[in-house]
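Participant: Residue numbers (the working numbering), protein chains in the order written: chain D, 206 to 814; chain X, 206 to 814.
Since the hints were made in silico from the structure, they are not lab data.
Incorrect hints may appear among the rest.
[As the list claims (entries may be wrong)] Residues from chain D shown here face chain X by an in silico Cβ test under 7 Å; the list is partial: (1) R298; (2) W360; (3) T499; (4) D500; (5) A560; (6) A629; (7) A767; (8) A771; (9) R786.
The C-beta atom is built at its ideal place from N, Cα and C for all residues, glycine as well.
Protein chains: 2
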Amino acid sequence: MNKIEKLEAIAKRLRIHSLRMTTRAGSGHPTTCLSMADLAACLFFDELRYNTRDPEDWGNDELVLSKGHAAPILWAAYAEAGIIPVESLMDLRKLTSELEGHPTPRMRWVKAATGSLGQGLSVGVGMALAQRLGKSPGRTFVVMGDGECAEGSVWEAANAASQYRLKNICAVVDINRLGQSGATMHGHDTAAYARKFRAFGWDALVVDGHRIPKILEAFRKIGKTGKPTAVLARTVKGKGVSFLEDRDGWHGKALKEDELAKAIEEIGPAAGFDARACVRKPRAAARPKLGMRTDFKRTPYTEKTATRLAYGNALLKLGKVNGAVLAVDGDVKNSTYADRFFEAFPERSFQSYIAEQNMVGMGIGLAAKGYLPFMATFAAFLSRAHDQIRMAAYSQSNIKLCGSHVGVSIGEDGPSQMGLEDLAIFRPIPGCVVLYPSDPVSAEGCVRAAAGHTGMAYIRTTRPATAVLYPLDEEFPIGGCKILRKSEGDRALIVAAGITVHEALKAREELLAEGIEVRIIDAYSVMPLAAETLRKESAESGNKVVVVEDHYPAGGLGEAVAAEVAGTAAVRHLCVRDLPRSGKPAELLDMCGISAGHIAAAVRELVRE
Amino acid sequence: MNKIEKLEAIAKRLRIHSLRMTTRAGSGHPTTCLSMADLAACLFFDELRYNTRDPEDWGNDELVLSKGHAAPILWAAYAEAGIIPVESLMDLRKLTSELEGHPTPRMRWVKAATGSLGQGLSVGVGMALAQRLGKSPGRTFVVMGDGECAEGSVWEAANAASQYRLKNICAVVDINRLGQSGATMHGHDTAAYARKFRAFGWDALVVDGHRIPKILEAFRKIGKTGKPTAVLARTVKGKGVSFLEDRDGWHGKALKEDELAKAIEEIGPAAGFDARACVRKPRAAARPKLGMRTDFKRTPYTEKTATRLAYGNALLKLGKVNGAVLAVDGDVKNSTYADRFFEAFPERSFQSYIAEQNMVGMGIGLAAKGYLPFMATFAAFLSRAHDQIRMAAYSQSNIKLCGSHVGVSIGEDGPSQMGLEDLAIFRPIPGCVVLYPSDPVSAEGCVRAAAGHTGMAYIRTTRPATAVLYPLDEEFPIGGCKILRKSEGDRALIVAAGITVHEALKAREELLAEGIEVRIIDAYSVMPLAAETLRKESAESGNKVVVVEDHYPAGGLGEAVAAEVAGTAAVRHLCVRDLPRSGKPAELLDMCGISAGHIAAAVRELVRE
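One chain only, chain D, in its complex shape (with noise of 0.2 Å):
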């Protein structure tokens, strides 16, 4: 068999495999799967170069499947490679199995979770972009559907790759015609989709996507101009066979026993040869060293000094103890404070220019090949990229976010510039941690602590400048919290973060002048919240808590502090109720009654009661 004969026998297995996984678990999406095997079997086992026995070989080409519904071909063309067993494919959807109906690193071949469609490609650039960072030989291929390219963020995506001259990313776009409830936007105009792409600074190859010389014909362009590739493949959903091709209502659809049957007689047998001896191998590249110390030696501040500028201070001495240290920006550095790694570190800072979701995308992809990635932007724009920052949690990426200008502490800018809902897009994430300082050292303290914990972290600073709360050489652990004021007599507790810290110690100035003592919290550890301490100094404080905060009412400290101490304490929750609007940041904190007055007259109403 020469080789077009042997992929051509790989596909159909491909195709076989996929049709009967879906049948097995009575659900997935076959038809998509049957419109990439040709374009996965050339991949897989042709232009691909990977070392099976390891996923981390610095020397692979990475793939990632951005149409992840196409899950049961990625694993087909796995089990066929030799790296997970043939009959575990049976196993499709179960519980049991790390084998799901879209991707995810449970599979360790899985280096980001897809099925959030339109993601992938950042991902990939991000990827690439470690790749040609650590010197690696390896290129990045995702593998997008046509339906998926109506996202935005791959447009983003693209505008990155071209910006960062990739020429080791390849987008394999499977041009199936058919999205979920129809046709997509442009059909089968593989014309439009090279318009596009070639706007955006690609260079886009166009080809028969069942035509097995003409795809490899393609991929020997790949990075031949400079410019990243986009191989688009006319293909047809279901292709194979006759009762699936080009039809509409067949996504998202197993097939029942008797069409399978039917199916798999359509397709033919496949020559029965080892497909693993088709994988080729990666040539040999060493893993860049690059060090993981996270003890930087921390500043010392005498002035008020915002969280935000400390936190840019210590991004940078972070990045000179720690060479996996990156830094993403989409165009605030001078906001974040980002802007001194980006002048100390050009070559590992990255601009994302005003594209929130291609920052934390392009950040999964560097994080998910070794990089210790820091975003910054304003915490507000962070939620354009909640859906990244959702799939982040699956791909169990070591990201680290940062949001600056949170609340309405930020001023004048008014409501669009002010992250009010910033705690209850990252306090959800399952395993993100979640930091707040209320000072510069407490902030350095938050970066350190972000820096070594294995996973997500959120760190959110604050626009005014804030007294200095600690002393140099504090340590903020996450799931901690500090005692500010305590003493034997106080009849309530303030458990405060942030900019809000500032004002209840001015409350407690006057709450002391009338002869009341509140103990005082900085809930600096928003997620883990410091349970057990909180409970502890509510209960030695008469179960009279009140919670304030610069955000809105749900899903804050608020709710989380109320959920903790609930049947126990009494809570008052003062935060921002109500639209906020543009005004000086003293006037926004007591118009939304989170100034030390409103905290003071919260703590006298609870402890008349």
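Model the placement of chain X on the given structure of chain D, informed by the hints.
Facilitator: Only chain X this time, still in chain D's reference frame:
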């Protein structure tokens, strides 16, 4: 004075206003106003047709300032047009002024808040669609920055505009080369923007944005090719003031008094005619009478039916009695069941393909013109549009959203498709109603309640079919709850919603067999919550509460209930605490600890305490 001279004089005035306003406010973005001053003069005082006495005149052209940080020049233009007093400009950014740092509808000519970049074009597409739908002669202009063209949402909107063949929309891009933190991706390469817009099906006109005759010439070509039109204006940031022109480091910075004096001197005096006479009046047009009934006839259900299917049925029936109702879809209408509406009312249905940001942005635009858009996709994918949803609150938008396929109960498709953070997205949105039906009757009731509510509403629907719990005509008012089971001997209260209501009912059977009586509440109105009823029923049930939800721990029903009963009731919160995976729905409910067995166990534990 001829027209050109007048417009040049107006541009001078707009520049001077913008500089004075921001200096007086002590903050703001004057240089981004200066770059678009000539464009603004041509737009507001020659090209746009609008009735200065009525922002709701159906004949008006609409203008969306997508580059919202240029708010000062927008306010200045409205002052010169006689809509607001010129003196009021000096109140920019004050707490008491409607002239905020970024545009919000507190100023009634603003129909959609901007300031999160890249969103305006989608809003404009929605407005232009509404104009066409309602036979308005008006057109929609969207003034954009070059920096924001990096946002993928811009290209989603560009797709939509060409897909809908909107010749009544014009994007005016102020290409001033500088972003916030440095040069934009393409700098002054206007051809790069032209290539992109043309590839996305637009007519693109490149023009010198400071030569008024050239601008007017370009404007005369708008819509002439039958395509949407992009006017790509090469401009200079800070234009007109030598020490600001094309300089980095001046973004978002007001001039000091002495700098202001120098700048105004450089700009020179502007002729003193009345600019109001330059404003062009709109053609007479009558706003369509759409009717706003919400009392559609409900479907009698006898068999298990998914709430998502009942949503689809209800939307169709609502559409029959209410001509303002529109449906917008993200290529999943056969899963959300919006397809029934699409089939019945194709002219009132809008396919946004897999582009959720644009889906919501278009909806904001449609609602801004008086329509009642219902947008539906998988709840998980609404996270993609979180920033648009956030901004919709500041737009005080009357949009309705439906998120289907919530929670682990979707089963085998796996975590990427599970909406597990959607309550935490919508609960913090000020003024947003969150409804979560548990059966087909309540699903239809929730659609009715959402339609009758003025403001944002979110409906959370479930994939699997659920049993009928309520009689045909049961009402589901906002802020209510249903006491489903109640007896005098109740020793605990179970608060559930959606699929977990059915698990709670099963748990009660199990507990009754052991002699433990429990009360059950269906908390279909998650926001606002029926807090008083909850507290009363909790008190009558021994103040022992189990909350169970198919959602992550933070920001959902559990924390909402805990916050309301803090200090009085002991609360057990059952929810999805770890990363879920593919599996059968019942297996996953059990694995995640939210099945009947786990509810019964939690009740047993509570009543033992």
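Participant: If a hint holds in the structure, say so; if it does not, say that too.
Facilitator: Quick rundown of the hints versus the structure:
Interface hint status for D/R298: upheld, as the beta-carbon distance to the closest one in chain X is roughly 4 Å, under 7 Å. For D/W360, the shortest C-beta to C-beta distance to chain X is roughly 4 Å, which falls under 7 Å, so the interface hint holds. At about 25 Å, the closest approach between the beta carbon of D/T499 and any beta carbon in chain X exceeds 7 Å, and the interface hint on this residue is violated. At about 30 Å, the closest approach between the beta carbon of D/D500 and any beta carbon in chain X exceeds 7 Å, and the interface hint on this residue is violated.
Evaluation of the D/A560 hint against chain X yields a held restraint, the C-beta minimum of about 5 Å falling below 7 Å. Interface hint at D/A629: satisfied, since its Cβ lies 5 Å from the closest Cβ of chain X, which is below the 7 Å cut-off. Restraint check, D/A767 versus chain X: the minimum CB separation of about 4 Å is within 7 Å; hint holds. For the restraint placing D/A771 at the interface with chain X, the shortest Cβ-Cβ distance is roughly 4 Å, inside the 7 Å limit, so the hint holds.
Given the 7 Å rule on beta carbons, the hint for D/R786 holds: about 6 Å separates it from the nearest Cβ of chain X.
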